[in-house]
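Engineer: Chains as they are written, first to last, in our numbering: chain A, 351 to 750; chain B, 3 to 333.
If you are wondering where the hints come from, they were derived from the structure by calculation, not from laboratory data. Quantities reported herein were computed from a predicted structural model and do not represent experimental measurements. Be aware that one or more of the hints could be misleading.
[Claimed, not checked] Listed next, the in silico DSSO-like pairs over lysine-lysine satisfying Cα-Cα at most 30 Å (straight line):
1) Lys81(B) / Lys467(A)
2) Lys572(A) / Lys11(B)
3) Lys621(A) / Lys462(A)
4) Lys462(A) / Lys518(A)
5) Lys462(A) / Lys572(A)
6) Lys572(A) / Lys540(A)
7) Lys205(B) / Lys518(A)
8) Lys276(B) / Lys295(B)
9) Lys402(A) / Lys621(A)
10) Lys363(A) / Lys395(A)
11) Lys363(A) / Lys572(A)
12) Lys402(A) / Lys616(A)
13) Lys395(A) / Lys616(A)
14) Lys205(B) / Lys295(B)
15) Lys402(A) / Lys572(A)
16) Lys462(A) / Lys46(B)
17) Lys467(A) / Lys276(B)
18) Lys205(B) / Lys462(A)
19) Lys462(A) / Lys81(B)
20) Lys363(A) / Lys187(B)
21) Lys363(A) / Lys467(A)
22) Lys81(B) / Lys9(B)
23) Lys9(B) / Lys46(B)
24) Lys616(A) / Lys363(A)
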Amino acid sequence: MSTAYLDNNATTKVDLRVVEAMLPFFTEQFGNASSIHEFGAHVSKALRDARKQVQTLLGAEFDHEIVFTSGGTESDSTAILSALECMADRDEIVTSKVEHPAILTVCQHLEKIGRAKVHYIGVDAFGRLDLEAFRAALSPRVALVTLMWANNETGTIFPVEGLAELAKEVGALFHTDAVQAVGKVPIALKDSAIDMLSLSGHKLHGPKGVGALYVKRGSRFKPLMRGGHQERGRRAGTENAPGIVALGLACELAGQYMAEENTRVKALRDKLERGVLETVPNCFVNGDPHDRLPNTANIAFEYVEGEAILLHLNRAGIAASSGSACTSGSLEPSHVLRAMNIPFTAAHGSIRFSLSRETAEPEVDRVIEVLPGIIERLRALSPFWAGAQKAAKDFKPIYA
Amino acid sequence: MWDYTDKVKDYFFNPKNAGVLDEANAVGEVGAISCGDALKLMLKVDPVSEVILEAKFQTFGCGSAIASSSALTELVIGKTINEALNLSNQDIADFLGGLPPEKMHCSVMGYEALQAAVANFRGEEWKDDHEEGALICKCFGIDEGMIERAVRMNRLTTIEAVTAYTKAGGGCLTCFDALEGLLAKVNAKMVAEGVLAEAEAYKAGGADPAALKKKTQAARSAENAGNAGRAAVRAADVAPSPVSPLAPPPKPLTNLQRIRLIEETIEDIRPLLKKDGGDCELLDVDGSNVLVKLSGACVGCQAASMTVGGIQERISARLGVPVRVIPAKSH
Ligand SMILES: Cc1ncc(COP(=O)(O)O)c(C=O)c1O
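In isolation and in its complexed conformation, chain A is listed as follows (with noise of 0.2 Å):
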């Protein structure tokens, strides 16, 4: 059977390429970068080519304001931790209500330890920040202003530069999870007011436990991890250095492809989005239709249940994910969704597919071809379609 992996948001392939960079690094090239010694010392060239080429797809003005990490979450924590030890004399983070869990669950612990008050600002059907409640959050109070770049769940984009110049305004720092963000969407922090930048290997044919925080250069900063003097003391610990090496070949050639991500890949997604929604009634596409990362598709489907679908869905050989409550463990729509005010007769059913530039075209044929049919079985034992098949004619949500 054809297979067909279309949750990349979720983990990507490991480019061989990268792969093979890094496998010298457990072997031959084993040596601690810290030390003195020859073993050493290649190393420690390997980690300062990596950080160049991270520099470079950032578009950085140096290559020090790259700081190697163990992942988004940990870049996440950092940028945040840092800001509020930073700003002693400010206590006030903003942020937004569809932000990853990497942001949202360290500002609900900071506000529950009474740490921080937090602005959660919230999204319109499209999942674009609300920009009134934002300048409205915006005071000399405010330690930091951290918004994603770009949503893990709907691909909307926000635009960070632009809000990071609204947090300048009022002397924030400002950070952006930019883990979705990097390789898809151009980034040049060398002319931007953005202090933080966190991303994450795995998301771009890198490994997975490796990432990076930008910090700006003269940008405040305290680390989060204490100990040796590695990171230039901003992030203690003996570096990784395969990690490391992969995720600097890894951004070298998201930059390669970011022209195909934008081109070849984003066709495929709008193939895959037209020709689910010419075949399938009542459905619509969750997200900006504007500003949208070029590889994510996150439809809804009324009436039928997320985890349903994709159980059939994987027995056809496609791998996609969902912001279903069922799937998660949790009894609630994805928090995301909820935000956007999606109803609940189609948040329960709305899937993710995220592409790449390892996505061939018969993955997304696969998905055109057996979707229909899977959604069709399912709403037929559905007890609420039989009802809402009147309304589909003239079905016309403000969200499509």
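Guided by the hints, dock chain B with the ligand onto chain A, whose structure is given.
Structural biologist: The following block gives chain B with the ligand in isolation, referenced to the frame of chain A:
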């Protein structure tokens, strides 16, 4: 994904008895689309022998919801109404070779649908509209009766288990006090009846160290387990709330006292709403109408109605008289 048994998968992919039964003379409908699952059970019952001749179902829900519904139809066909009523939700789960603990509510949904269908056959009103004791969980529309049945039938002794079996408390958990009180009450009754050991019973309130410990453990494991234990974390958060819906009704209050109490109640709830990114502000009190401004996550969505329900319940309990909470139109 879930670790479903082969039988669950088989009944999901090839459900038996799916569809509409036109000659049904016993129909039970439970759940709602907003809750993420719903089941319509249709039975054709011989009016004389009361044997269930045919059974069909329609289900909106996940894999285990569909499999449980189909299993239920297989279990009841050929049984008399009275025999069918002896089935428990555990029988449905057993038929399928077991369900993941978080999915037990799917079997309970099947059980509830069967009760509803039998009530319909007998011309009784199925009390799914929360008349069976108080409505406990507003998010999922779960009443006292259903929780008590699930607790008894499955010998549940923790809040997390009640949530897994009934979904009650799986949403905003403003119902924690009520849920806890009910679980303690039912467990106590079960102890008195000799069907539950004293040591196992859940005891409400911070007075009992064992219960407290259970809660902190739940919170800790929830922090590790992420979503799965979210309800439990919140449970621990709201436990010390001074407001109990079971508080005795106070003496008649002056208008000023009333407003002050309403203000206090809203202040008590706000941290909880804020945790979900929402907020609530008192605008006006007009007789028994309380006008509030909801903001953030509370606005507009279906969650608004459950938020309003929760606030209303708390204010009513605090004042000892029912009030209506009306959210002001914003935007
Ligand atoms: C937007 C976003 N932020 C953070 C993360 C966490 O990254 P990591 O898995 O590297 O910790 C992810 C991925 O799961 C993500 O999608």
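Engineer: None of the hints should be skipped; say for each whether it holds.
Structural biologist: Each hint tested on the structure:
1. Lys81(B) / Lys467(A): violated (60 Å)
2. Lys572(A) / Lys11(B): Given pair Lys572(A), Lys11(B) is violated - Cα atoms ~51 Å apart, limit 30 Å.
3. Lys621(A) / Lys462(A): Violated, because 45 Å separates the two Cα atoms, which is more than 30 Å.
4. Lys462(A) / Lys518(A): holds (27 Å)
5. Lys462(A) / Lys572(A): holds (22 Å)
6. Lys572(A) / Lys540(A): holds (21 Å)
7. Lys205(B) / Lys518(A): violated (52 Å)
8. Lys276(B) / Lys295(B): Status holds; Cα separation ~14 Å.
9. Lys402(A) / Lys621(A): violated (36 Å)
10. Lys363(A) / Lys395(A): Given that 30 Å is the threshold and the Cα spacing comes to 27 Å, the pair holds.
11. Lys363(A) / Lys572(A): Violated, because 33 Å separates the two Cα atoms, which is more than 30 Å.
12. Lys402(A) / Lys616(A): holds (28 Å)
13. Lys395(A) / Lys616(A): violated (37 Å)
14. Lys205(B) / Lys295(B): violated (36 Å)
15. Lys402(A) / Lys572(A): Holds - the C-alpha atoms of Lys572(A) and Lys402(A) are around 23 Å apart, at most 30 Å.
16. Lys462(A) / Lys46(B): Violated, at roughly 54 Å.
17. Lys467(A) / Lys276(B): holds (10 Å)
18. Lys205(B) / Lys462(A): Between Lys205(B) and Lys462(A) the Cα gap is close to 26 Å, so the pair holds against 30 Å.
19. Lys462(A) / Lys81(B): Violated, at roughly 54 Å.
20. Lys363(A) / Lys187(B): Distance ~53 Å between Lys363(A) and Lys187(B) Cα, so the pair is violated.
21. Lys363(A) / Lys467(A): With a Cα-Cα distance of about 39 Å, the restraint between Lys363(A) and Lys467(A) is violated, given a limit of 30 Å.
22. Lys81(B) / Lys9(B): At roughly 22 Å apart (the allowed maximum being 30 Å), Lys9(B) and Lys81(B) satisfy the hint.
23. Lys9(B) / Lys46(B): holds (26 Å)
24. Lys616(A) / Lys363(A): holds (18 Å)
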